[in-house]
Amino acid sequence: MSTNPETLSAPPDATGRFGDFGGRFVPETLVPACQELEAAFTEAWADPSFRAELDEVHRLYSGRPSILSECKNLGARLGVRLILKREDLNHTGSHKINNVIGQALLAKRMGKKRIVADTGAGQHGVASATAAALMGLECKVYMGAVDVERQALNVFRMKLLGSEVESVESGSRTLKDAVNEAMRHWVANVGDTYFCLGSVVGPHPYPYMVRQFQSIIGDEAHTQISDLTGAMPDVVVACVGGGSNAMGIFSGFVDEPTVRLVGVEPAGGAAIGKGVPGVVHGMLSNLMQDEYGQVQEALSISAGLDYPGVGPEHSYLADIGRADYPNVTDDEVIAAFRLLSETEGIIPALESAHAIAWLMREAPNMQGQTVLMNLSGRGDKDVAQMMDILADADGNV
Amino acid sequence: MPGRLETEFRAKRAAGRKLLVPYITGGYPGWQEAVRACAANGADAVEIGIPFSDPVMDGPVIQQASQAALEAGVTPQSVLDEVPGLDVEIPLAVMTYYNLVHHPGPERFAANLQRAGIAAAILPDLPLEESDPWCEAAAAHGIEAIMLAAPTAPDERLPRVAERAQGFIYSVGLLGVTGERTSLAHTATDLAARLKAITDMPVLVGVGVSNAEQAYEATRVADGVIQGASMVRRLMETGPDSVGDYVAEVRAAIDRDTVTG
Ligand SMILES: Cc1ncc(COP(=O)(O)O)c(C=O)c1O
Numbered sequence: 002m003s004t005n006p007e008t009l010s011a012p013p014d015a016t017g018r019f020g021d022f023g024g025r026f027v028p029e030t031l032v033p034a035c036q037e038l039e040a041a042f043t044e045a046w047a048d049p050s051f052r053a054e055l056d057e058v059h060r061l062y063s064g065r066p067s068i069l070s071e072c073k074n075l076g077a078r079l080g081v082r083l084i085l086k087r088e089d090l091n092h093t094g095s096h097k098i099n100n101v102i103g104q105a106l107l108a109k110r111m112g113k114k115r116i117v118a119d120t121g122a123g124q125h126g127v128a129s130a131t132a133a134a135l136m137g138l139e140c141k142v143y144m145g146a147v148d149v150e151r152q153a154l155n156v157f158r159m160k161l162l163g164s165e166v167e168s169v170e171s172g173s174r175t176l177k178d179a180v181n182e183a184m185r186h187w188v189a190n191v192g193d194t195y196f197c198l199g200s201v202v203g204p205h206p207y208p209y210m211v212r213q214f215q216s217i218i219g220d221e222a223h224t225q226i227s228d229l230t231g232a233m234p235d236v237v238v239a240c241v242g243g244g245s246n247a248m249g250i251f252s253g254f255v256d257e258p259t260v261r262l263v264g265v266e267p268a269g270g271a272a273i274g275k276g277v278p279g280v281v282h283g284m285l286s287n288l289m290q291d292e293y294g295q296v297q298e299a300l301s302i303s304a305g306l307d308y309p310g311v312g313p314e315h316s317y318l319a320d321i322g323r324a325d326y327p328n329v330t331d332d333e334v335i336a337a338f339r340l341l342s343e344t345e346g347i348i349p350a351l352e353s354a355h356a357i358a359w360l361m362r363e364a365p366n367m368q369g370q371t372v373l374m375n376l377s378g379r380g381d382k383d384v385a386q387m388m389d390i391l392a393d394a395d396g397n398v
Numbered sequence: 121m122p123g124r125l126e127t128e129f130r131a132k133r134a135a136g137r138k139l140l141v142p143y144i145t146g147g148y149p150g151w152q153e154a155v156r157a158c159a160a161n162g163a164d165a166v167e168i169g170i171p172f173s174d175p176v177m178d179g180p181v182i183q184q185a186s187q188a189a190l191e192a193g194v195t196p197q198s199v200l201d202e203v204p205g206l207d208v209e210i211p212l213a214v215m216t217y218y219n220l221v222h223h224p225g226p227e228r229f230a231a232n233l234q235r236a237g238i239a240a241a242i243l244p245d246l247p248l249e250e251s252d253p254w255c256e257a258a259a260a261h262g263i264e265a266i267m268l269a270a271p272t273a274p275d276e277r278l279p280r281v282a283e284r285a286q287g288f289i290y291s292v293g294l295l296g297v298t299g300e301r302t303s304l305a306h307t308a309t310d311l312a313a314r315l316k317a318i319t320d321m322p323v324l325v326g327v328g329v330s331n332a333e334q335a336y337e338a339t340r341v342a343d344g345v346i347q348g349a350s351m352v353r354r355l356m357e358t359g360p361d362s363v364g365d366y367v368a369e370v371r372a373a374i375d376r377d378t379v380t381g
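Residue numbers (this note's numbering), protein chains in the order written: chain A, 2 to 398; chain B, 121 to 381.
The hints are simulated quantities; they were obtained by calculation from the structure and are not laboratory data.
Note that the structure is predicted; figures quoted are calculated from it, not measured.
It is possible that part of the hints are untrue.
According to the in silico footprint, chain A covers these stretches of chain B (three or more CB under 8 Å from chain A) [to be verified]:
hint: 1; stretch: 190-204
hint: 2; stretch: 241-253
hint: 3; stretch: 295-303
hint: 4; stretch: 308-319
hint: 5; stretch: 365-377
Just so it is clear, CB atoms sit at the ideal spot from N, CA and C, and this is done for glycine as well.
Chain A extracted, bound-state conformation:
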């Protein structure tokens, strides 16, 4: 095991591996770009002026720190103490902005003029378009054709923000294919284009770099929950698509041995629950694939979790038994989406509702425990889709 055993929040080894997972499986064309990015990130991350600049954008633009909210109504109903980390309150409506601000600042520092991004639910695309508008960068977003349809509002938001949105018609026409197409674009434009990946996935250094940019969630939450409860939570839970919001909050607690870490996957995209190690999008990690190694299509109600792979650090945490990765069905997610809305007045993103769905199922075994949940995003983007599913002819739920 090459990862520093003293702290689970250490960087990956020199090959970009967390334990057996990660690496850099990219065409030769992209190797120098990955090396350049690794050097640029390492240098920037160690530079106090870069960190100060990042911190200022977080405070004065994104609205950080995000607050903790205690869910007294839902907590009482479930028999647990439930505390939400409110990433839904960030500018643009999700945790995705944390990563994008970091990468956009880095792109500028590297002298790049354009960023290209993949997006599933459109939250990363919107965050990328937002950061590009703020920092004067050009932005192009690849989005699967299926997602363009179910997240039409986010498509228009990106266009309003001045970005180009390209609908991807290949493969399963979802996030996986959007990443493929963004990578193809990067191969062809590697000189002047910065590839702004949306999660803790891809070739080294992306999984590590995106985790570092999202670690602000865990850093804040560690202090906030100590202040609020005087103790560490029993459980930290987050939804897992690629795994960036989960790594963000886990990173604050992974070295607290008493804290149980839970990453909730969709039943139709359970890379850890149902996949085996494989190589796609530049990384070796758990992957849903058929008996020959063809990557399978994920099928989830939530576009942001509709991904057959997962970040390599999650595969590592699962492998060593540090975190658990249960999965929940679309029906459980719909019930959870309604429950948080009705009991707490908070409409969650469908992605975030996966974490609530897991808690609804498991709460009977967790009576009296303190649960810190990362509410990765707000549900505005999902309201039209849920109206189709939930509303009757009169528009009533």
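Could you slot chain B with the ligand onto chain A? The hints should help.
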């Protein structure tokens, strides 16, 4: 000791011949006839694509052919099973993506290639740093591991790629994915020249060599060319015979300056 493909390529080069390697998507209807047509019309080897669900180095034409083959139920093994029956004299290589090697394991994949009579393999998403497990397994089964060199590679990287390469060096013609272009990118001849200056391995340009004229242009510097999208498009539009006609046309173009006796 060099393998069969490298031995043949070196001998042909020594005799003044430029090398032509068409790419055909395995499993696409008519692919076997297309491979035979390539062999009959002057190809020096054929690269058989094993379709993968997520081909990141391929543009629309080869993506479409791969997807059609996969939808028809083609598997890596069903392609390999057909190889012995192709009955061609020239060496055959496969081109695929690393997950189809990783999934069965490099050892088993290499053994499967060997059993099918494949000489060499090209894995465009496997860079130098990650290639040890594959190269070891390939060597153990007599499969030549063809390595790619990209136009973005700094000078210090090229000798390391060349040292590891077997068969030939695949000199990537441009910044981008497979597909036809209206002209040959200057990167194609630039990189081939950089490679020729540091190695005596055969250097073949692939990606973006789109017609007979461009093949001629590339082979003024390189030892040969690999042509994919222009082959596969013909296979899809007009069938295997038209692939054969096209190979003959490219052959004639790259032989133009060659004095044969
Ligand atoms: C609100 C929200 N949560 C979670 C995700 C999943 O991404 P990750 O697993 O990287 O946090 C997305 C992705 O689009 C999202 O929009």
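Here is how each hint holds up against the structure:
1. Judged by the Cβ-Cβ criterion of 8 Å, the stretch 190-204 of chain B is covered by chain A as claimed, because 4 of its residues qualify and three suffice.
2. Restraint check on the stretch 241-253 of chain B versus chain A: 7 residues with Cβ-Cβ distances below 8 Å, three needed, restraint holds.
3. For the stretch 295-303 of chain B, the stated coverage by chain A holds: 3 residues have a C-beta nearer than 8 Å to a C-beta of that chain, and at least 3 were required.
4. Under the rule that three or more residues need a Cβ within less than 8 Å of chain A, the assignment of the stretch 308-319 of chain B is violated, with 0 such residues.
5. Counting residues of the stretch 365-377 of chain B whose CB falls under 8 Å from any CB of chain A gives 0; the rule of at least 3 is not met.
Hints 4, 5, counting from the list given before, are not met by this structure.
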